[in-house]
Structures are given as C-alpha cells and as structure tokens.
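Given chain V's structure and the hints, the job is docking chain D onto it.
There are 2 protein chains.
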Amino acid sequence: MISRRGTLFVVSAPSGAGKTTLCREIRLRLPDLAYSVSVTTRPPRPGEIDGVDFRFVGEPEFRAMLGAGELAEWATVHGNLYGTRARALEDALAAGRDVLLDIDTQGAAQLRARYPDAVLIFIVAPSVKELEQRLRERRSDANVEIERRLVRAREEIALWRRYDYLIVNRDVKEAMEQLESIIMAERCRVARLDLTLPDLEVHN
Amino acid sequence: MISRRGTLFVVSAPSGAGKTTLCREIRLRLPDLAYSVSVTTRPPRPGEIDGVDFRFVGEPEFRAMLGAGELAEWATVHGNLYGTRARALEDALAAGRDVLLDIDTQGAAQLRARYPDAVLIFIVAPSVKELEQRLRERRSDANVEIERRLVRAREEIALWRRYDYLIVNRDVKEAMEQLESIIMAERCRVARLDLTLPDLEVHN
Chain V
41 MISRRGTLFV VSAPSGAGKT TLCREIRLRL PDLAYSVSVT TRPPRPGEID
91 GVDFRFVGEP EFRAMLGAGE LAEWATVHGN LYGTRARALE DALAAGRDVL
141 LDIDTQGAAQ LRARYPDAVL IFIVAPSVKE LEQRLRERRS DANVEIERRL
191 VRAREEIALW RRYDYLIVNR DVKEAMEQLE SIIMAERCRV ARLDLTLPDL
241 EVHN
Chain D
41 MISRRGTLFV VSAPSGAGKT TLCREIRLRL PDLAYSVSVT TRPPRPGEID
91 GVDFRFVGEP EFRAMLGAGE LAEWATVHGN LYGTRARALE DALAAGRDVL
141 LDIDTQGAAQ LRARYPDAVL IFIVAPSVKE LEQRLRERRS DANVEIERRL
191 VRAREEIALW RRYDYLIVNR DVKEAMEQLE SIIMAERCRV ARLDLTLPDL
241 EVHN
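These protein sequence lines are chains V and D, in that order. Its first residue numbered 41, the first sequence is counted upward by one per residue in my numbering. Its first residue numbered 41, the second sequence is counted upward by one per residue in my numbering.
Take the hints with a grain of salt, since some may be wrong.
[Claimed, not checked] Here are the computed distance ranges between Cβ atoms for each label pair:
{"#": "1", "chain 1": "D", "residue 1": "A153", "chain 2": "V", "residue 2": "N120", "range": "50 to 58 Å"}
{"#": "2", "chain 1": "D", "residue 1": "R174", "chain 2": "V", "residue 2": "D72", "range": "45 to 53 Å"}
{"#": "3", "chain 1": "V", "residue 1": "R137", "chain 2": "D", "residue 2": "L199", "range": "28 to 36 Å"}
{"#": "4", "chain 1": "D", "residue 1": "R85", "chain 2": "V", "residue 2": "R44", "range": "34 to 42 Å"}
{"#": "5", "chain 1": "V", "residue 1": "R194", "chain 2": "D", "residue 2": "R44", "range": "18 to 26 Å"}
{"#": "6", "chain 1": "D", "residue 1": "A182", "chain 2": "V", "residue 2": "P166", "range": "51 to 59 Å"}
{"#": "7", "chain 1": "D", "residue 1": "A134", "chain 2": "V", "residue 2": "E217", "range": "24 to 32 Å"}
Keep in mind the hints are simulated off the structure, nothing from the lab. Idealized CB from N, CA, C, for every residue including glycine.
Extracted from the complex, chain V is given alone in its bound form (with noise of 0.2 Å):
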C-alpha cells in the first residue's frame, strides 16, 4: 500500500476573486478532505453559521489562543483577527487527512515557513475592474469598505509568485476544475510519495 502523511493546501485570494464559492464547492466535490475552520473576531456577515464558516470569538478570547501558542498562523485582515489552530491540523496531517485552509496572503507566509511542503494556491479575478464589480453586487459592504478591500487586493496580487499555482477566476466551473485538479495531481507527487515509502510496494 501507498501510505503517506496529509498535504496542506492553503487557497488565498484577493476579495471577489470568487475563493468562497470554490472552497465550499471543493468540499462538496472532494468529501474526504479536511477543512480547517478559522478563529476570527470579524462580525458574522448575514447568512454565516459558527462553526461551519468560521470559529466567531471576541478580541480577548482570541489573544488568549494567541499566547497560549495555539494558532499555527494570525493575521489582521481590515482590523479584524483571523487564526488557524494548531492542533486540528496537525492531528490531520498526521493521520494522512489532506487539509484545506483558506487564508490571506499574511497566513499563507506562515504556514510555508511553518510547512515547506505545503502547496499554496493563488486564486485572481481576472482583472481589477471585474473584481471591483464583484465587490459591488456583493452589497454587503459599505463604500468605505469596498475601497479598502481594492486597496488590500492591489497589494495581495502582487504576491503571486509566493504561490505554487496561480487560478485565474474567469468562470466558475473552469475554476473549480483546475482546483480539483491540483489536489489531485499533488496527491499523485513521487516527492510526496517518497516521504515515507522504503521501496514501491504496489508491486508485490
């Protein structure tokens, strides 16, 4: 048998680059991968769930996780904390789960200082005008907030090449198949293999 420890991804994306739908799509898709739920002290938005789209908690709570040497990467995201905890993903890992995390640029750095052999995935809109407009049907967000979410995406973007795999989001169903697709590439990775296999026992 082919056995070996769990692959981390992390997905990251600019705001309306459309990595929402495409995590929650690929979970559907690929049920046997693990799904790290964030710590944030951001407010729910109208529809979200505890527990199911983030771990809500206040400031206090969340610097207590912090101190305590829980999260395996932090961040501040427009003022607000986001954090991953250490212990749920590693137990993962461990027992040969893959992970999928959803985390900004700053995480994102983290965890490949953390775990060299992760695999991060970069996820765009196809151009600044069409996220612009993507933010804008969102609705949910003020003015104000739009354009800070276009500033933060200007800067993220050109972060790309600290990915391993740029996703370009010009529609839906093309994304979400190259997302599957290299999930399911990486878990084929003779280098991944090669951590824990002597020999290829497939052949017996």
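Just chain D, lined up with the frame of chain V:
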C-alpha cells in the same frame, strides 16, 4: 494575457501498465495537446498505423537520423530502436503548445537532461501479478516475449523515483482523471508562468 512556453509531458510505463490506452484517450480529451509520433524499427503490430501509432522505418534510415542529430532521444527496447525527432518537438514547445511523449525510461532520462522543466509521469499496474495477466491477455506476444517484457518491467519499476508523478493504474477511468489532472495542474504552476511573464498582466 498569460503566455508561456509549452510544457513537455513525458509518460513512461512498463509493458502492460495501460499506457497506450491512456495516451490514446488523453489525445481525445485534450485535443490541444501536441503528440509526437515516435520513430521505430519495430515491426507494426496488427492494427497499428504508420504515421499515427509510430513512424515505422528500417534500421539504416533510423541510423541516418541519429547520425544527423535529428533525434531528441533514442533507445533500444527489446532489440528494436525507438526515437523522437527533435525539430517537431521544439517547434511545438516554442509555439506554446504542450507536447505529450510516450517514451521508455531510457528516453525519459535523456529528455530530462535536455529539457529540465519537462514533467515526467510514470504509470504502473497495481501489481506484478496483474501486469503479467494483462500481458498474457494481449495474446499478440509469444511466451518468451512475455517473459522478456516481465523482466524488463521489473527493472523499469525500480526507476519510479526519477519521475515527478506516479499513477497506479487500478482502474482506467481513475488513472485517466489523474493524468488529465496532472496536465491541468501543471498549466497553473506559477514557476511555469514565471518563465515568460514580467508581471501579472491579467490585472490591468
């Protein structure tokens, strides 16, 4: 626009791993993939078409191509000569076309040396027992030929670590999806886009 040089995909497999079927199928699924027809001195098997499955030549003609430096790789397999013409391959890559080559392990090693960014994919049957059964079912080969193929298959299997990806062909449909995923994923690799892009121009 994102533009890039074509990627060379090299598929190798011991006899009976199902490589021929997979390569035929992937040409139908991804018609934009250029496929190089190998030159060989091996006699055609029933149903094989000259110029489609192989270009069948005599040994003097093969030696002339080799002497003129026209081959990107060549190898002796079971006493027959096989080779890939360099010109067509390089024209396709320069034009941004991805190329799929179906090549033995000797040829794959030569191509890796000549094109370090080539993607090497190794396909294996799930076990040697299964491999032997598939070779016997083929019926086109004599017993002595089957034995010779099995010996060589064992030698080739030991080389799997030289490849980038390993596909264990338990089921043709699953193996096909893995092969297609590897090609799609490599097309999203930042390292390949990086070769030609001064900056991310999808955003303007």
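For this structure, which hints from the list above don't hold up?
Per hint list: single violation, 2.
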